[in-house]
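Letter by letter, the chains look like this.
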Amino acid sequence: MSETTDVLPFTQRLRSNPRPALLWVGVLLVLLALEAGAIASVAVTIVSGLAGAVASGAAAVVGGPVVPSIGGAIDAALTSAGQVANGLPTLLSRDAIPNQGYQTPDGAWHGTFLGLEPKHAWLLRVVVVYAYMFGLLWWCWRGYRLYVRHYRFADWTPRDDVVDRLRTHRWGQFGLVVVLLFVGMALFAPAISPMTAEQNLYNAAQHDIEYYDADSESVEKMSAFDANLASASRGAGSVNVNPWQYDDFGRFHPFGTMTNPGQDLFTFMAYGARVSLAIGLIAIGVSIVMAAGLSMLTAYYKGVIDLAVVFVSDSIQSLPGILLLLLVSATFQNHWFGQIYNGGLLLALTFGVVYWPGLWRAVRGPALQVAEQEWVDAAKSYGQRSATTMRKHMLPYTVSYLLIYGSMSLGGVIIGVSGLSFLGLGINPPIPEWGRAIATGQDYVTTPAWHISLLPGLLIVIVVTGFNALGDGIRDAMDPESEGEDADAGATAAGGGA
Amino acid sequence: MSEELLTEAQQTAAAEALVEVNGLKTYYDTGGLLGSQPVKAVDGVDFSIGRGETLGLVGESGCGKTTLGRTLVQLETATDGEVLFDGRDVTTLSGDELKKWRRDAQIVFQDPESSLNSRMTVGEIIREPLDVHGWPNFSVAVADPQGRSASLSGDGTLTRADEQADITVSIGGGSPTVDVRDTLPMDDSDVDASITERESSVAVSVSVTTAKSRLRRARVRELLETVGLREEHYYRYPHQFSGGQRQRVGIARALALEPEFVVLDEPVSALDVSVQAKVLNLLDDLQDRFGLTYLFIAHDLSVVRHICDRVAVMYLGHIMEIGETEELFRNPKNPYTYSLLSAIPDTDPSATRERVTLRGTPPSPRDPPSGCPFSTRCPVKIRPAEFEDVDEDIWEGIELLREILREREQRDRGLRERAKQLLGLETGFDDIHDVVEEVFTSEPTAGENQPADDGSEEMDDEQRLAAALSEVPPGVRTHVETAVELIEEDKEPQAHRLLTEEFESVCGKEPPEHHPVSETGRTSYCHRHRPEYDEPEPVFEHLLDQD
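First to last, the protein sequences are chains A and B.
Mapping of the first sequence onto the working numbering: residues 1 to 498, in sequence order.
Mapping of the second sequence onto the working numbering: residues 1 to 547, in sequence order.
Derived from the structure by calculation, the hints contain no laboratory data.
These figures come from a predicted structure and were not determined experimentally.
Worth double-checking, as some hints may not be accurate.
What the hints assert, rightly or not - The calculated lysine-lysine pairs, modelled on DSS-like cross-linking and capped at a C-alpha distance of 27 Å, are:
#  : chain 1 : residue 1 : chain 2 : residue 2
1  : A       : 392       : B       : 25
2  : A       : 392       : B       : 99
3  : A       : 302       : B       : 212
4  : B       : 491       : A       : 380
5  : B       : 100       : B       : 25
6  : A       : 380       : B       : 420
7  : A       : 392       : A       : 380
8  : B       : 212       : A       : 380
9  : A       : 380       : B       : 100
10 : B       : 25        : A       : 302
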């Protein structure tokens, strides 16, 4: 038999042929070193966030004065760590490719990267960011191929088929690219936005900008807050900064500006992507997990469990969702749990609870159907455990429904969060959040400041489409019988693009 | 294994029962809101299957044969009764014991389309039982000429030397010798054994150098070849195979854990006729090779005749007749078997064989008839003595009328009808006269029928009834007329009870016994085998002669 030769464990196979692996790891380290500063500061942020949550949680539980002293010490340590992290060189930062400066009357730009126009400097940075991200991902993919070629025990596993099917699935790949673009936007928000979050969103009054004043013919300083206010889009022709325009202070706005206090819309959207996508994905993730788990249980055991879940889900669905969200938000307003991620986690979990009954209803039928298949009986006949039977023999047949329905619910969650912001609950200003951009722009839809609502709306449509397409791709990739997918994929892609 | 050993095993098989079923009942409680009766899919069944034997189980669809098979492998929970497997009642097993026992009893499903998970490769499918049971769980036997007590460390579990072990360690002068069972996909050299000898005991340490996952893969490849597939099919998906090949995969999966007993649930009925024979031959070969015991469920009688040693004929949850295949096919004793066998098409077109046509459909297993389950359709049902001489057609009419009433009583009444009944509104038959006329008018020919119909429209109900019953003897007639009156008064249950009291014989009153009907131990579940009644066969002949 062919396999007598290659039964060595992974470590031994690695040791006998280390060259490709070492090369790969070396390149990976170089790639990561380029972003060492960013990685370190992200790590510090996560740790300090956790420490903060734990400290406030402990404070809530203990209620004593012991905590602040320890918390203070930790805080100090973290702050210094943060400073060190920020000091590390980072390729993808505005320091490396600055795009803010001023233009003197001779047409030259000062303070921008290589004296480029801010528009071009910004574009260059965006391109570098995405090039880096896709490069890194491509390198990881290469790593997987390398493993398959040199180190994997089997010549072939069923997963290879899954990968192959995904590789020919254009519509799914389109979805993957779209999703990656948005995830990149959220991850690299500080590097990708034309302005800093501090100047734009949180603390504009404390920051100054330099601009060339034509009247005094000199470079003047001005608080960013005033500059923002002066370049806000208010719907009338003269006080508008539309997409792809400069404002009076030589700042470039790829998506235009928002209404009072005049933030840059692209910066708002990039930082908002972090909040909105996180809430949306956590909420959908929670509801998918709940729906999947419960559909397996109800389909496998039927009877009383099924009845109980029907009852619970019907009860949840009969509650007005917005009312439940209001209740939860109000109840947890001053609780430490409500503070995690600016209240985002609480919102996401609540949305998850509100959304799972719909998803569960959608997959209950398919789950019951697959539970009747004889292979489920067969698994029982040789004593397979129930949990494994559900996971191996039933779940793969419902995942496709979950992916599709889940991706379609994503937009609803993002809009729902904005509805809450509208009522003063949920994510509050100045934390950016996509829904709020739509809400604030609603009054200007018919005016020259149409972009405030339209662009965020379009982004939501695109991200939902992207997740939907990716879901389609994964579904088809998982199904060994969808061999002839290519033909359909073209049609679906055309339909999606239209 | 040598030839002699096998044949010897087969000779003792007849005497030794592997599976013994006593009073087995499996009811499905459908649990409707209105407190419905359970479906009595298997309603008291006794039989046994000898080691190495093939028992066929035949019957119409819906008679409970699949449920019986599934109960034997504990896919359904028995409501009552016991299933003795090697003398041990398996209906009471649970948890680890049940899981361990499942290795010994496997099932091959009817539909290979549905029995193989289409998201898994064939290799994964066949391998799954091995993974579940942590195969191979080496059983180690220590052969020590001095007969000292042995203890074992390392891989495997100790078993007695007289049982067939996966690994046998023989002690005798110096280093121990290892012998691995032939059916395992590894060599003697893959096992390291060392011993520490003491006065009264031996400590044996065994370690298997081959990885379990590799052994399992090798085992799957071996199984693929065993069932007539090729090694490289390991990586294919079920949808890439034909029906016959898929069924082979199902068989390989059932054999993976080396079971003793396999339930074959209509294994070829979903297959193309040309493939059926191949799969049947494969099953036959496997039985010879591994000494398997089969329960072969089928509705194709010729297949059963081909493959089975003994046959059990099932009807409505009961075994009507069970015995040696050839004997039963040549000379059926039970009226149901007789009717069933007469339905086999004859390949000889010139043969003029009389066919017994059963009237109606089997009753609902939710409400089986009291007495003999076949009593509502039996062509040779015993008549009460006082009606022995009533004309055949008229008697048929009475039976039919009773059957109609019975079915009406058991039908699922809709909410509207229930509400009507509660409010005391009309729910009865408004067409009882038509029914009686239909039932008692003996097969009018087309020519006679037309004028009769025209005439009947002018007659009123009373006249029509009188006309229909004109040929019925007075003893019968009075009862029928009373029943019709009761029905007209909306007292259907009373009418039914009256007819039952007057016309029912032992068949509908008490359940028959399993009468031995031949020297080979064949039994038949019929009242006619009691000495006071005629045997079914001559009655059938008489009946067929009349037609």
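How the hints compare with the structure:
Between residue 392 (chain A) and residue 25 (chain B) the alpha-carbon distance is near 32 Å, which puts this suggested pair outside the 27 Å criterion. Using a Cα cut-off of 27 Å, the hinted pair residue 392 (chain A) and residue 99 (chain B) holds, with the two alpha carbons roughly 19 Å apart. The hinted pair formed by residue 302 (chain A) and residue 212 (chain B) fails the criterion: a straight-line CA distance of about 36 Å is larger than 27 Å. Taking the CA atoms of residue 491 (chain B) and residue 380 (chain A), the gap is near 50 Å; set against the 27 Å cutoff, the hint is violated.
At roughly 24 Å between alpha-carbon atoms, residue 100 (chain B) and residue 25 (chain B) fall within 27 Å of each other, so this suggested pair holds. Between residue 380 (chain A) and residue 420 (chain B) the CA atoms are separated by roughly 47 Å; this puts the pair beyond 27 Å, and the hint is violated. Among the hinted pairs, residue 392 (chain A) with residue 380 (chain A) is consistent with the structure: their alpha-carbon atoms are about 12 Å apart, no more than 27 Å. Of the supplied pair hints, the one linking residue 212 (chain B) and residue 380 (chain A) holds, its CA atoms being roughly 23 Å apart against a limit of 27 Å.
Note on residue 380 (chain A) and residue 100 (chain B): the hinted pairing holds, with a Cα-Cα distance of about 13 Å set against a maximum of 27 Å. Restraint check for residue 25 (chain B) and residue 302 (chain A): satisfied, since their Cα atoms lie roughly 23 Å apart, inside the 27 Å limit.
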